[in-house]
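In the order they appear, the protein sequences are chains A and B. Here numbering that gives the first Met the number 0 is used: the first residue of the first sequence is 0, the next is one more, and so on. Here numbering that gives the first Met the number 0 is used: the first residue of the second sequence is 0, the next is one more, and so on.
If you are wondering where the hints come from, they were derived from the structure by calculation, not from laboratory data. The structure presented is a predicted model; accordingly, all values stated were derived computationally and were not measured. It is possible that some hints are incorrect.
Claimed, not checked - Restricting the straight-line Cα-Cα distance to at most 27 angstroms, the calculated cross-link-like pairs of lysine-lysine (BS3-like) are:
id, chain 1, residue 1, chain 2, residue 2
1, A, Lys119, A, Lys194
2, A, Lys236, B, Lys103
3, A, Lys212, A, Lys236
4, B, Lys103, A, Lys194
5, B, Lys78, A, Lys143
6, A, Lys194, A, Lys236
7, B, Lys103, B, Lys57
8, B, Lys103, B, Lys67
9, A, Lys236, A, Lys124
Unchecked claim - Residues on chain A that point at chain B, a partial pick, calculated with CB under 7 angstroms:
id, residue
10, Ala67
11, Tyr116
12, Gly146
13, Arg202
We put the beta carbon where it would ideally sit given N, CA and C, even for glycine.
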Amino acid sequence: MARRSRAAVFAIVVVVAAALAGAAKPQSDQLTIYAAASLTDVFPALDSSQRYSFAGSNALETQIRNGAPADIFASASPVNTQRLFAAGLVDKPVTFTANRLALIVPKDNPADIHTVYDLKRKPVKLVIAGAAVPVGGYTRTVLKKMGLTSVLAKVVSQETDVRAVAGKVALGQADAGFVYVTDARSVADRVTVIKIPAWAQPRVRYEIAIVSKSSKKAAAQAWIKNLLSKKGQAVLKQFGFLPLPPA
Amino acid sequence: MNRRRFVASAAGAGLATLSGPWGVAAAATDDDFAFAYFGLSAEYLLADFYGKAIEAKKIDREHLNTLKTGRTYARQHAKSLTDLLVGGGTDAPTAQDFDFQWPKAVFADGAKALETGETILGTLQGVYQTAAATSTEPTFRVLFASLASASAQQVGLLRAIAGRPEAEPFPVALDLEAASDAIDSYLG
């Protein structure tokens, strides 16, 4: 009888353990994905079971250089991934999506900004990302293309990533800021989006790569394959990202 | 021929952009580059327009050569502007960077297509006039003047096909903002 009880208890323990294992992905299977701040909403929507670290791509590049234990690196600019690839720190990167820039202003628009050209005409507190951050570089490209680099003199703050730029404008701490259109959506209830002309748009390309030191390369490859699949691309599109650009 | 006279000639403009500019990066202003970026994008748009108009076959066949020549010139202009930008130390977009948006009605009949072509060319002509008038860098200025003249000739040709008056005494100059508003919806 005692033997039967012990067997029953053992069976229950096994069933409970199995149930727990099914409820959460075992730590050993979980990928650590370092991704550009602009991917903060879309990546967990695509797969909520992984461990993510979102920041400016330049900061993530530095962390990987310093040996951070990432399995995958998704950057908002090919510059960061290609530098790591050249240093042998990531496998060959692939492009997985594209984006566009927009100017955002707070809903009450205290500086009365209605076009990008108004930045030159009117007194304005402008917030942008730092030059080393991809969106900061793209912002400077837009201003150069439009002949508006003089408005850089009106920058009151340079942020470490695009989410910080969007946050400052949404909170009314700045009159205007340059962000990706996808980040403008994340604060859509608090800002007005001003279109940047198509001819002045920078070539915003996102790249992804497996970190060379990753011990989970097969899982990382499967994750990237899912991102590049029709399903993955559909989720990106749902969040406002652009389709895979022609090679 | 001294350098100044060479630069001031139309032949000089062509050679300057094909064989590399002289000290462009140091002398060109923000505005010079902005005009060149806009012009390049609009020339890609114009080449695409001509291609679509040729495919649509809604314009009399006797004018096919005019359309084909227009497309060739737009591509040549794009090449010159690309050389100018790259020579000035900046990146230049390619036609593949754009997702041109044409309303369905544009190529459904010849008159509408000609009107759209005239809008693009008139915008280019206007912005090149302003660019030529304001640029202080000879390499940019001479090319912009040449492009304004070429655009005006093409406007005249499209108007002739459409049966409208071919010439006007003072074509309007446009700043970049107005030019951008006129055609950006086609650029995507």
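Hint-by-hint comparison with the structure:
In summary, the hint linking Lys119 of chain A to Lys194 of chain A is supported, as the alpha carbons are separated by about 16 angstroms, within the 27 angstroms threshold. Taken as a hint, the Lys236 of chain A and Lys103 of chain B pair is honoured in the structure, with Cα atoms around 24 angstroms apart against an allowance of 27 angstroms. The hinted pair formed by Lys212 of chain A and Lys236 of chain A fails the criterion: a straight-line CA distance of about 31 angstroms is larger than 27 angstroms. Pair hint Lys103 of chain B plus Lys194 of chain A holds up; C-alpha atoms about 23 angstroms apart against a cutoff of 27 angstroms.
Between Lys78 of chain B and Lys143 of chain A the alpha-carbon distance is near 20 angstroms, which keeps this suggested pair within the 27 angstroms criterion. A distance of roughly 19 angstroms separates the Cα atoms of Lys194 of chain A and Lys236 of chain A; the hinted pair therefore holds under the 27 angstroms criterion. Taking the CA atoms of Lys103 of chain B and Lys57 of chain B, the gap is near 13 angstroms; set against the 27 angstroms cutoff, the hint holds. Taking the CA atoms of Lys103 of chain B and Lys67 of chain B, the gap is about 21 angstroms. The hint holds against a cut of 27 angstroms.
For a cut-off of 27 angstroms, the pair hint linking Lys236 of chain A to Lys124 of chain A is broken: about 32 angstroms separates their Cα positions. Contact between Ala67 of chain A and chain B, as hinted, is not supported at the beta carbon level, the nearest pair being about 31 angstroms apart and thus beyond 7 angstroms. Against a cut-off of 7 angstroms between C-beta atoms, the interface hint on Tyr116 of chain A holds, since the closest Cβ of chain B lies about 5 angstroms away. Taken as an interface hint, Gly146 of chain A checks out: its beta carbon lies about 3 angstroms from the nearest beta carbon of chain B, inside 7 angstroms.
For Arg202 of chain A, the interface hint holds, the least distance from its beta-carbon to any beta-carbon of chain B being 6 angstroms, beneath 7 angstroms.
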